[in-house]
Amino acid sequence: MSEARTERRPRAALRLPPFGRLRRRIGDLVTAYLFVLPAAAVLFTFQYLPAIDIFRISLTNRLLLRPRWGYVGLDNYERLLNDGRFWNSVWNTFLFVVGSVPLQIALALALAIALAGPLRRAGFFRTVFFLPVAASLVGVSVIWEWIYHPRLGVLNELLGMIGVQGPNWLASSTWAMPSIILLVVWTGTGYYMVIYLAGVLDISKEYYEAAVLDGASRWQQFVHVTWPLLTPVTYLVIVLQVINSFQVFTTVYVMTGGGPARATEVLVYYLYQRAFESLEFGYASAIAVVLFLFLAVLTVIIRVGYGRTVTYDR
Amino acid sequence: MTVDAARRDWRGRLFTLLIVLVVSVLAALWLFPFVWAVVVSFKDPSEIVTDIWALPDRLIWDNYASAFDGLNYVRSLGNSLFVATSAALLQCVTGTLAAYAFARIVFPGREILFTLFLATLMIPTTVTLTANFLILQNFGWIDTYAALIVPQAASGFAIFLLRQFFLTIPNELQDAARMDGAGHLRFLWHVVVPLSRPALTTVFVFIFITNYNEFLWPLIMTSSEDMRVIQIALSTYTATEGITDFGPFMAAAVLTLLPTVILFAFLQRAFVRGITRTGIK
Chain A
-19 MSEARTERRP
-9 RAALRLPPFG
1 RLRRRIGDLV
11 TAYLFVLPAA
21 AVLFTFQYLP
31 AIDIFRISLT
41 NRLLLRPRWG
51 YVGLDNYERL
61 LNDGRFWNSV
71 WNTFLFVVGS
81 VPLQIALALA
91 LAIALAGPLR
101 RAGFFRTVFF
111 LPVAASLVGV
121 SVIWEWIYHP
131 RLGVLNELLG
141 MIGVQGPNWL
151 ASSTWAMPSI
161 ILLVVWTGTG
171 YYMVIYLAGV
181 LDISKEYYEA
191 AVLDGASRWQ
201 QFVHVTWPLL
211 TPVTYLVIVL
221 QVINSFQVFT
231 TVYVMTGGGP
241 ARATEVLVYY
251 LYQRAFESLE
261 FGYASAIAVV
271 LFLFLAVLTV
281 IIRVGYGRTV
291 TYDR
Chain Z
8 MTVDAARRDW
18 RGRLFTLLIV
28 LVVSVLAALW
38 LFPFVWAVVV
48 SFKDPSEIVT
58 DIWALPDRLI
68 WDNYASAFDG
78 LNYVRSLGNS
88 LFVATSAALL
98 QCVTGTLAAY
108 AFARIVFPGR
118 EILFTLFLAT
128 LMIPTTVTLT
138 ANFLILQNFG
148 WIDTYAALIV
158 PQAASGFAIF
168 LLRQFFLTIP
178 NELQDAARMD
188 GAGHLRFLWH
198 VVVPLSRPAL
208 TTVFVFIFIT
218 NYNEFLWPLI
228 MTSSEDMRVI
238 QIALSTYTAT
248 EGITDFGPFM
258 AAAVLTLLPT
268 VILFAFLQRA
278 FVRGITRTGI
288 K
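As you go down the protein sequences, you meet chains A and Z in turn. Position 89 of the first sequence, counted from 1, bears residue number 69 in my numbering, the numbering being contiguous throughout. For my numbering, add 7 to where a residue sits in the second sequence, where the first one is 1.
A few of these clues could be false.
Stated by the list, open to error - Covered stretches of chain A, as calculated for chain Z (at least 3 residues, CB under 8 Å):
1) 118 to 128
2) 144 to 153
3) 228 to 242
4) 248 to 256
5) 262 to 269
Stated by the list, open to error - Label-pair restraints from in silico Cβ distances:
6) Z:Thr132 x A:Leu83: 56 to 62 Å
7) A:Arg131 x Z:Tyr152: 38 to 44 Å
8) Z:Ser53 x A:Asp182: 51 to 57 Å
9) Z:Val32 x A:Ser197: 22 to 28 Å
Since the hints were derived computationally from the structure, they do not count as laboratory data. Positions of the beta carbon are idealized from the N, C-alpha and C atoms, including for glycine.
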């Protein structure tokens, strides 16, 4: 950015007289701002304004259908502290993240390494693993509802073949969350695999050649070359995963509706319930603020803990 | 070849074979739900109950007829295609203009503005739902196409991706255009846009698929049956009908998934590029 500026200025100075240069710079300024304006208007109105406004709304007792409302200070936040349903949703979200994130990272990385190495030419596999990413979550959830069906589903049919009586997956408070996690791993892995794949293919062959000369085994190559050099990619994958996972909603809405007995009621689902079922906008906004701040802090923590990039250059 | 090298070679082959085997099994698992959904969508309801593994005796289109009605397919698909196409086209326009300014014009405030644009990627959509609902309500846009399209008319993603591409266009081209008396708009339209077709395709495909698949936003911002996009129609249909009606349900899922899967099959490269270039979905 700044190098472009230092590069272009002297060239312009050579060609144009001082007066023309000023006129062009003003012209550039006007053009630039006109070009940026449409995007700026949209992003300001629907991203920045609401992101700031949730803080204000969270300090009110606003109900959607009641025209009169007032500021109530931190009442909503105080209520959150004693809201068992809120803490239940925090716990469920935590379970979901812990269950789905490491599994997806491990699987995505393993697949990326396999597809970058022995199966490099088999573009078919890449397409297969990536397909669920382009598919709609609602459509996919409907299909998996049938896979999980206690009597007609494929999963219990398969388990029956080896003599195991499968549970009613989505209606069991023990198994509903693992079922959702499995579906999310199936839909999400391909996405992170593609990011990892680009990272693995970026690693220079020379490192592996040098490692082989030193007699490194495959596992040692992975530990000492692939994994450390993928640090920035892993950082990106973790940040994206955590941010996406904390916002899980659609699969829960379609498959369990937060049930059974609120066993799958995650944070965003609870927020949705408060805002658009019981129409408590003030209270729902307080939940949103907590989620927002939490994600921001988490991103910073991951950045600090993982931000060191590794290079073997020089 | 020494004995040692021969052994290593043999072990290497076995290792590769093992990997191919494991990945193939996983790929089969990944593909299975799609394939089986299509199979079941052609089965007679009684067949679904009596024998799970049997392939349909003959193709039955009844399930598709039910799903077609249940989804109000023409209307809901039309809504989705209209919304997704409009959003994708608008993002190409707003993204191109902004990205051009950031990549090819030197002006005061450029760095800070670009940082602010990029920072929108850190604002999670789920967090701003209540405030956005009130904003759209103020505009009188709830339950209109505007509510589904206008907020998606620009994104940090599109601007970032296009800017990266515009930066690679040689300065000499811009200088030559200036010598010929062409202003920014003419240079943008006659040189930058034709050169950037791959990047614009990526933005279009990416935004189209994202918007076509979006569920939470239309769930909140629309309510009438006429405004239903296909994702809402599918979730409503499968939630209200009898629980074991899997034939029509799978047909409905297939009808919903079909457009993006087809688009993906043709433009996979463009879509994947959108992820690897930015790491953003």
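Cross-check of the supplied hints:
1. 118 to 128: holds (count 9)
2. 144 to 153: violated (count 0)
3. 228 to 242: holds (count 4)
4. 248 to 256: holds (count 5)
5. 262 to 269: holds (count 4)
6. Z:Thr132 x A:Leu83: 56 to 62 Å: violated (25 Å)
7. A:Arg131 x Z:Tyr152: 38 to 44 Å: holds (42 Å)
8. Z:Ser53 x A:Asp182: 51 to 57 Å: The hint (51 to 57 Å, Cβ to Cβ) holds, given that Ser53 (chain Z) and Asp182 (chain A) are roughly 54 Å apart.
9. Z:Val32 x A:Ser197: 22 to 28 Å: holds (25 Å)
Hint compliance for this structure: hints 2, 6 are broken, all remaining hints hold.
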